[in-house]
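**Q** Each chain, written out:
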Amino acid sequence: MADPVLQTRGLTAHYGDFQALFGIDFEIRQGETVAIIGSNGAGKSTFLRSITGMLNTAGQDIAFLGQPVGGISAHDLVRKGLAMVPEGRKLFPSLTVEENLLIGAYGRSGSEWTLETIYDLFPILAERRHHGGTDLSGGQQQMVAIGRALMSNPKLLLCDEISLGLAPIVIKDIYEAVPKINAHGATMVVVEQDVNQAMAVADRVYCFQEGRVSLTGKPDELTREQISAAYFGLEDGEAA
Amino acid sequence: MDWINAILQGILLGGLYALFAAGLSLMFGVMRFVNVAHGDFIVISAYGALIVVAATGVHPLWATFVVVPGMALLGYVGQRILLNRTLGEDILPPLLVTFGFSIIIQNVLLEVFSADSQKLQAGWMETASIPINQSISIGVMPLLIFASALIVIAGLQAFFYKTSLGRVLRATSDDQDTVRLMGANNAKIFGYATAIASAVVGIAGVYLAMRTNFDPSVGPARLLFAFEAVIIGGLGNLWGTLAGGIILGVAQAIGAQIDPGFQILAGHLAFLILLVVKPQGLFPKMKG
Amino acid sequence: MSLSYTVQRSTRASQTSMSLTVVILIILIAAPWWAGRAELRLMVEIFYYLALAQMWSLLAGYGGLVSVGQQAFVGLGGYILFALAAFGGVHPIMALVLAGAITALIAMPTALVAFRLQGAYFAIGTWVIAEVFRLSFAQISALGGGSGMSLPASIVKSIASSRAGREHLVYWVALAIAVAAMALVFFLLRSRWGLAMTAIRDSEPASESLGVETYRTKFIVYVMAAGMTGLVGALIFLQKLRISPDAAFSVQDWTALVIFIVVIGGIGTIEGPILGTIIFFILREFASDWGSWYLILLGGIAVAVMLFAPKGLWGLITARYDVHLFPVGRRLIVNEEKSK
Numbered sequence: 001m002a003d004p005v006l007q008t009r010g011l012t013a014h015y016g017d018f019q020a021l022f023g024i025d026f027e028i029r030q031g032e033t034v035a036i037i038g039s040n041g042a043g044k045s046t047f048l049r050s051i052t053g054m055l056n057t058a059g060q061d062i063a064f065l066g067q068p069v070g071g072i073s074a075h076d077l078v079r080k081g082l083a084m085v086p087e088g089r090k091l092f093p094s095l096t097v098e099e100n101l102l103i104g105a106y107g108r109s110g111s112e113w114t115l116e117t118i119y120d121l122f123p124i125l126a127e128r129r130h131h132g133g134t135d136l137s138g139g140q141q142q143m144v145a146i147g148r149a150l151m152s153n154p155k156l157l158l159c160d161e162i163s164l165g166l167a168p169i170v171i172k173d174i175y176e177a178v179p180k181i182n183a184h185g186a187t188m189v190v191v192e193q194d195v196n197q198a199m200a201v202a203d204r205v206y207c208f209q210e211g212r213v214s215l216t217g218k219p220d221e222l223t224r225e226q227i228s229a230a231y232f233g234l235e236d237g238e239a240a
Numbered sequence: 001m002d003w004i005n006a007i008l009q010g011i012l013l014g015g016l017y018a019l020f021a022a023g024l025s026l027m028f029g030v031m032r033f034v035n036v037a038h039g040d041f042i043v044i045s046a047y048g049a050l051i052v053v054a055a056t057g058v059h060p061l062w063a064t065f066v067v068v069p070g071m072a073l074l075g076y077v078g079q080r081i082l083l084n085r086t087l088g089e090d091i092l093p094p095l096l097v098t099f100g101f102s103i104i105i106q107n108v109l110l111e112v113f114s115a116d117s118q119k120l121q122a123g124w125m126e127t128a129s130i131p132i133n134q135s136i137s138i139g140v141m142p143l144l145i146f147a148s149a150l151i152v153i154a155g156l157q158a159f160f161y162k163t164s165l166g167r168v169l170r171a172t173s174d175d176q177d178t179v180r181l182m183g184a185n186n187a188k189i190f191g192y193a194t195a196i197a198s199a200v201v202g203i204a205g206v207y208l209a210m211r212t213n214f215d216p217s218v219g220p221a222r223l224l225f226a227f228e229a230v231i232i233g234g235l236g237n238l239w240g241t242l243a244g245g246i247i248l249g250v251a252q253a254i255g256a257q258i259d260p261g262f263q264i265l266a267g268h269l270a271f272l273i274l275l276v277v278k279p280q281g282l283f284p285k286m287k288g
Numbered sequence: 001m002s003l004s005y006t007v008q009r010s011t012r013a014s015q016t017s018m019s020l021t022v023v024i025l026i027i028l029i030a031a032p033w034w035a036g037r038a039e040l041r042l043m044v045e046i047f048y049y050l051a052l053a054q055m056w057s058l059l060a061g062y063g064g065l066v067s068v069g070q071q072a073f074v075g076l077g078g079y080i081l082f083a084l085a086a087f088g089g090v091h092p093i094m095a096l097v098l099a100g101a102i103t104a105l106i107a108m109p110t111a112l113v114a115f116r117l118q119g120a121y122f123a124i125g126t127w128v129i130a131e132v133f134r135l136s137f138a139q140i141s142a143l144g145g146g147s148g149m150s151l152p153a154s155i156v157k158s159i160a161s162s163r164a165g166r167e168h169l170v171y172w173v174a175l176a177i178a179v180a181a182m183a184l185v186f187f188l189l190r191s192r193w194g195l196a197m198t199a200i201r202d203s204e205p206a207s208e209s210l211g212v213e214t215y216r217t218k219f220i221v222y223v224m225a226a227g228m229t230g231l232v233g234a235l236i237f238l239q240k241l242r243i244s245p246d247a248a249f250s251v252q253d254w255t256a257l258v259i260f261i262v263v264i265g266g267i268g269t270i271e272g273p274i275l276g277t278i279i280f281f282i283l284r285e286f287a288s289d290w291g292s293w294y295l296i297l298l299g300g301i302a303v304a305v306m307l308f309a310p311k312g313l314w315g316l317i318t319a320r321y322d323v324h325l326f327p328v329g330r331r332l333i334v335n336e337e338k339s340k
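Protein chains in written order, with my numbering: chain A, 1 to 240; chain B, 1 to 288; chain C, 1 to 340.
Everything labelled a hint here was simulated from the structure, so no lab data went into it. Don't take each hint at face value.
Straight line, CA to CA, 30 Å or less: simulated DSS-like cross-link-like pairs of lysine-lysine [said to hold, decoys possible]:
#	chain 1	residue 1	chain 2	residue 2
1	A	Lys155	A	Lys218
2	A	Lys80	A	Lys155
3	C	Lys240	C	Lys157
4	A	Lys90	A	Lys80
5	B	Lys119	A	Lys155
6	A	Lys155	A	Lys172
7	B	Lys162	A	Lys155
8	A	Lys172	A	Lys90
9	A	Lys218	A	Lys172
10	A	Lys80	B	Lys188
11	A	Lys180	A	Lys155
12	A	Lys80	A	Lys180
13	B	Lys188	C	Lys311
14	A	Lys218	A	Lys80
15	A	Lys90	B	Lys188
16	B	Lys162	A	Lys90
17	B	Lys162	A	Lys80
18	A	Lys218	A	Lys180
19	B	Lys162	B	Lys188
Just chain A, with the same shape it has in the complex (with noise of 0.2 Å):
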C-alpha cells in the first residue's frame, strides 16, 4: 500500500472557547481523492484551515509526507507541497488571469505545472489570460483558483467547496478536470456538500457531523441510508 501523504490523528480545534472538531482521525494516500461531506457547520472547512495552517495546531498529531507539521505556518506548508484552493475562490481582484496564476508559482519547488499545463488543462484561460481574475464567469474564476494551487506544485491538493454556487453543466467541466490532475500525480481532498458529485468523484468518503468523523468508507460499500445518517445525524427509526 502506498504510503500516507496526510494523515491526522485526534485533530482538534477551537475558536476560542468554541470548539469546533474533536479529535478527527483522517488519512489520504498517494495518489488518491478522498472527498469529505458533511452538512454546514460539520467542521469540514474547520478542518481544510487547521491542516494548511490557518488555524494554530502547535502540538497536534499531523503528519505530511511522513514529517510532523502540526504548528506548522501555511506558508511553509504550501512550500512543503500542500496547496489550498479556498472557499469562494478568493481570487486577487487586482491582478489578471495570467498574474493570478503567476502568484500560485510564487512559494513553489520543482517544474511539475507550468502556465502551458494549466493553460491545456483549461484552454479557456489561455484566452481570458489579460482580464481581471475577477471579470470572468463563476466557473472560470474557479478553474483559475485550481490552476493557481496547482501552480505550487502541490503533492496534496485541497479544493474546498469548488461546486458551490455553479451550474451543474459547469461543475462537470470542472470535475473533468480531477483525473488529469491525478495524472499529473497530485492526491486530492475534495470537499463537498454535493453528496453525488462527491462519491463519482472519490475513492474514499469521510462523513463529518458535529466536528466528529461520523461515517467512512469506499463510495461502493456505502448504502444511502448509512450516508444520510451520517450526514444528518439521524437515529435509526428517525429517518422516516
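Given the coordinates of chain A, assemble chains B and C onto it according to the supplied hints.
**A** Just chains B and C now, kept in the frame of chain A:
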C-alpha cells in the same frame, strides 16, 4: 507673471510632496497601516544625511547612497520586530504605537541635535536656474527633485507590475489571508513593503534637508502633507499621489502668493474642500 | 435542573466605591480650606487632564473614533472664552460655559468633514483640521495673531475681586468639569447609547445590520466629546490667563499626553483614565526636570503598554481581581437552581 511663476514653483514643490507621500501610500496599500511617525522618519533621514555630510564632507546628494539603504534596513527590522506585532483587526495598536514613536523620535532628535534649524548646503545647485523668459525661471534643485519623484514613482510602478515580489505585494493588498496560501509569509512581505517605503522616505529626507530648513519638530507637518497628497490622489494609485502632491504644492504656492502666512493653511483648506467634494480622491484605484 | 439569569450592574466593590466617591468629593470640594496655592494649581491641572482623558477614551474606546486632533477643541474653547470675555463683555464664567456650547456647535460641521475619512485616516484628518484652526487663529490680528493675547486685567478682576477668590473659583470650576466629564461618560454608557456604542466598537458591520445607527451615534459622541473638550480648553486658558495659537492647539500637550494617559491607564473604561492620570502626575513630579527625556520615557511606557498590555494597567488589574468601581457594564449572573 507672478502667478504663473507661483503655479510653476508649486508644481515642482508637488514633486517633493509626492516623494513624502509615496512611502505612506505604499504602506497603507499593502498593510492597511498608517504610520503616524512617517514625517518623523523623513526628518530622521534628513539628520542621517546631515551626519554623513558632516563626517565625510561630500555633496549631500552622495549621502543618498548611505541614507537610503540605512533607512530600508531600519524599516525592515522595525517592521519585523515591532510593527508586525501591532497589526490585526484593531486599528488602535498601530496608530498609537506609531504616534508614540513620533513623540519619542522628536524628543530624541531634540536631545541629540538641539532645536536649532539645520540645512544642507547643495552648492551651485541651490542658486542655478534655467531661465524660461525674463521673469520666469526654473530652479535646478526643484527640477531635480521633481524629476526624482517621476523616476521613483515610475520605478515603483514597474516594480509592482513587472516583478514577482511586486505581484505578491499587490495580492497582499487585495487579501492578506489568501496570499499565505500562495506560500507568502506575511511577516516578511510586510518587512519588504516597509523597507521599500523607507528607502523612498530616505530619498525624501535627503531632499528635504537640501531644499529647506529643518529641525526635530517638522515631521508632523510632513506627515500631513504626505497624507493629503495620498487622499487627494485616491488610495492605491501612485500616479494619483503625484497629482495629489502637485495640487497641494500649487495650492500652497497660490496661498503664499496671497500672503506668506497663508501658504500652509491654503494647502490644508484645498485638501478639506477636495475631501468634501471628492471623498474617493481624484483618481481612485480602478478595480480590475 | 434549570437556570435562571439575573442582569446585574453593580458589584460589591462598585457599591463601596460609590460611597467612597461621595466622601472623596466632599474632601475635594473643601480643598481651598486645607490645600495651599501650589497644590490647588496642581489639582486644577489634574482635573483638566482627567476630563480630557475621559473624553479621548470615550471617543476611542467606545465610539471607535481615534482622534489625534482633540487639540482643535481645546484651542477653540480657549479662544472663544477670550473672545467672549474680552470683546463681548461676557462674564468669564458665563463665557466658559458658552465656549463649551459653541465648540460643540462648531464640531458639527467639522464632524461632517472628518467623517469622510475612516479608521486611521480619520485620525490624521482630525489632525489636519486642528492645524487649520491653529493657522487660522494665527491670522486673526484682533486675537493677537501668532503671538496671542492676555486676558485684560479688568476682566481678570471681574472673575473675583481677590486673587485667592479667583483661584478658588477656578478650582471649583475645574472640579465640577472633571466630575461632569466622568458623569457624562458614566451615564452615557448606562444609557441605550452606551449599548449602541459598545456594539459599534465590537463590530461595525454587525451593529449596522442590527439597525444601530452607526453614523448618528458616532456623530453625537463626537460632538459631545468636543463640547466637553472645549469647556476644558476654556478652563485651561482661564487659569493661564494667556493664550497663543501654538499653546492652544498643541498636539503634544492636549493630545499626545492625553493619549499616553489613557493608553497607560486603559482605554474604554472610566477607571483607566483615572489611574492613568494619577500615574502621569506621579511620574511628572519625579521626572519633569529631565526635559525631553521625560517625554521619551512616557512615550516609551505608552508604546510598551500598547504592545504588551493593550488594555492598560486597569485591564491588568481587572483581569486579575475582577473589580469594577463604576458599574456601567451589565453582568450576567447565571443562577443554577434545582428543578422542582
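**Q** Mind checking the alpha carbons of A/Lys90 and A/Lys80 for me, to see if they're no more than 30 Å apart?
**A** holds (22 Å)
**Q** Take the C-alpha atoms of B/Lys162 and A/Lys155, compute the straight-line distance between them, and say whether it is at most 30 Å.
**A** The given pair, whose Cα atoms are some 29 Å apart, holds under the 30 Å limit.
**Q** Please work out if A/Lys180 and A/Lys155 have their alpha carbons no farther apart than 30 Å.
**A** Since the Cα atoms of A/Lys180 and A/Lys155 sit roughly 14 Å apart, the hinted pair holds (cutoff 30 Å).
**Q** A/Lys172 and A/Lys90: Cα distance at most 30 Å?
**A** At roughly 21 Å apart (the allowed maximum being 30 Å), A/Lys90 and A/Lys172 satisfy the hint.
**Q** Check whether the Cα positions of A/Lys80 and B/Lys188 lie no farther apart than 30 Å.
**A** holds (18 Å)
**Q** Would you mind confirming whether the straight-line C-alpha gap from B/Lys188 to C/Lys311 stays at or under 30 Å?
**A** Holds, at roughly 28 Å.
**Q** Straight-line Cα separation of A/Lys80 and A/Lys155 no greater than 30 Å?
**A** holds (8 Å)
**Q** Check the hint pairing A/Lys155 with A/Lys172 against an upper bound of 30 Å on the C-alpha distance.
**A** holds (24 Å)
**Q** Given the hint that B/Lys162 pairs with A/Lys90, test it: the Cα-Cα distance must not exceed 30 Å.
**A** With a Cα-Cα distance of about 22 Å, the restraint between B/Lys162 and A/Lys90 holds, given a limit of 30 Å.
**Q** Tell me if the straight-line CA distance from A/Lys218 to A/Lys80 falls inside 30 Å.
**A** holds (28 Å)
**Q** Below or equal to 30 Å on CA atoms is what counts here, so check B/Lys119 against A/Lys155.
**A** Violated. B/Lys119 to A/Lys155 sits at ~60 Å, over the 30 Å cutoff.
**Q** Hinted pair, alpha-carbon criterion (30 Å max): A/Lys218, A/Lys180. Please report holds or violated.
**A** holds (21 Å)
The structure is inconsistent with hint 5 alone, although it conforms to all the rest.
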